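**Q** Sequence lines, in order, name chains A and B. All letters in the first sequence, in the order written, are residues 2 to 111 by this note's numbering. All letters in the second sequence, in the order written, are residues 56 to 169 by this note's numbering.
The set of hints was computed from the structure by calculation and includes no laboratory data. Treat the numbers as computed from the prediction; the structure is a model and nothing was measured. Positions of the beta carbon are idealized from the N, C-alpha and C atoms, including for glycine. Please note that the accuracy of each hint is not assured.
Said to hold, decoys possible - Covered stretches of chain A, going by a simulated chain B footprint (3 or more residues, C-beta under 8 Å): (1) 44-57; (2) 98-107.
To be verified - Taking lysine-lysine pairs in the DSSO-like style, the calculated list, with each CA pair at most 30 Å apart, reads: (3) B:66 - A:57; (4) B:126 - A:98; (5) B:70 - A:108; (6) B:117 - B:138; (7) A:98 - B:99; (8) B:99 - B:66; (9) B:99 - A:71; (10) B:70 - A:27; (11) A:71 - A:108; (12) B:99 - A:57; (13) A:70 - B:99; (14) A:27 - B:117; (15) B:70 - B:99; (16) A:98 - B:117; (17) B:117 - B:66; (18) B:138 - A:98; (19) A:57 - A:71; (20) A:98 - B:66; (21) A:108 - B:66.
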Amino acid sequence: SQQGEEDPQALSIQEGENATMNCSYKTSINNLQWYRQNSGRGLVHLILIRSNEREKHSGRLRVTLDTSKKSSSLLITASRAADTASYFCARPSGTYKYIFGTGTRLKVLA
Amino acid sequence: EAGVAQSPRYKIIEKRQSVAFWCNPISGHATLYWYQQILGQGPKLLIQFQNNGVVDDSQLPKDRFSAERLKGVDSTLKIQPAKLEDSAVYLCASSLIGEVDTQYFGPGTRLTVL
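One chain only, chain A, in its complex shape:
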């Protein structure tokens, strides 16, 4: 499959806990993105991390990138019910398109 691998496929946590999801890929990349998709909605861009960055923060989100292991992780701290969504990583393919992973379905229980 040309899509990246994300794990876990599904994750259920209590409100206030942290959620970590991972993305692995096979070819060298110069950046990687994370998106969120709420049920029945389009995708919303969260963070882009470049290959020369190891970590990037945005509010309660923290993304890491390990190019030697060809993997990235997305950490959501102090999760809220509103964080319930599917999360996708996307890696560039060539110069003008991205390939999306299979996603992690996160459910945050109130």
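Chain A is fixed; fit chain B onto it per the hints.
**A** Then chain B, alone, in the frame of chain A:
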């Protein structure tokens, strides 16, 4: 700023029927993308336009799918005839020219083929 608009939001058809989806990108965005997202999977790029020219349609099943962007603004994606496996959400996205890493997605059209 208005986002990417898509219509209809939902469509149910019988197999072998035809269906068309419409997308209006963000004003000024020259690049438009159509993605297919099957349940439980990530979006898969079907076709990418830059203005009214096709940049990539390598994963578009051309025997049944067609897309056009005649005036470099709105776009239509058509399926004729539809198969059961075409049931999916069809997402449209747009970006400024050369900014493929900053795509804005519409809400999608959920297609069910019976």
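**Q** The structure should be examined with respect to each hint, and the outcome stated for every one.
**A** Cross-check of the supplied hints:
1. 44-57: holds (count 4)
2. 98-107: With 7 residues close enough to chain B, the hint holds.
3. B:66 - A:57: Measuring from Cα to Cα gives roughly 40 Å; hence the hint is violated.
4. B:126 - A:98: holds, 22 Å
5. B:70 - A:108: With a Cα-Cα distance of about 34 Å, the restraint between residue 70 (chain B) and residue 108 (chain A) is violated, given a limit of 30 Å.
6. B:117 - B:138: holds, 13 Å
7. A:98 - B:99: holds, 10 Å
8. B:99 - B:66: It holds: about 20 Å lies between the C-alpha atoms, which stays within 30 Å.
9. B:99 - A:71: Measuring from Cα to Cα gives roughly 21 Å; hence the hint holds.
10. B:70 - A:27: violated, 37 Å
11. A:71 - A:108: holds, 26 Å
12. B:99 - A:57: holds, 26 Å
13. A:70 - B:99: holds, 25 Å
14. A:27 - B:117: holds, 29 Å
15. B:70 - B:99: holds, 22 Å
16. A:98 - B:117: holds, 19 Å
17. B:117 - B:66: holds, 21 Å
18. B:138 - A:98: Status holds; Cα separation ~27 Å.
19. A:57 - A:71: This hinted pair holds, its Cα atoms lying about 16 Å apart.
20. A:98 - B:66: holds, 28 Å
21. A:108 - B:66: With Cα atoms ~27 Å apart, residue 108 (chain A) and residue 66 (chain B) stay inside 30 Å; holds.
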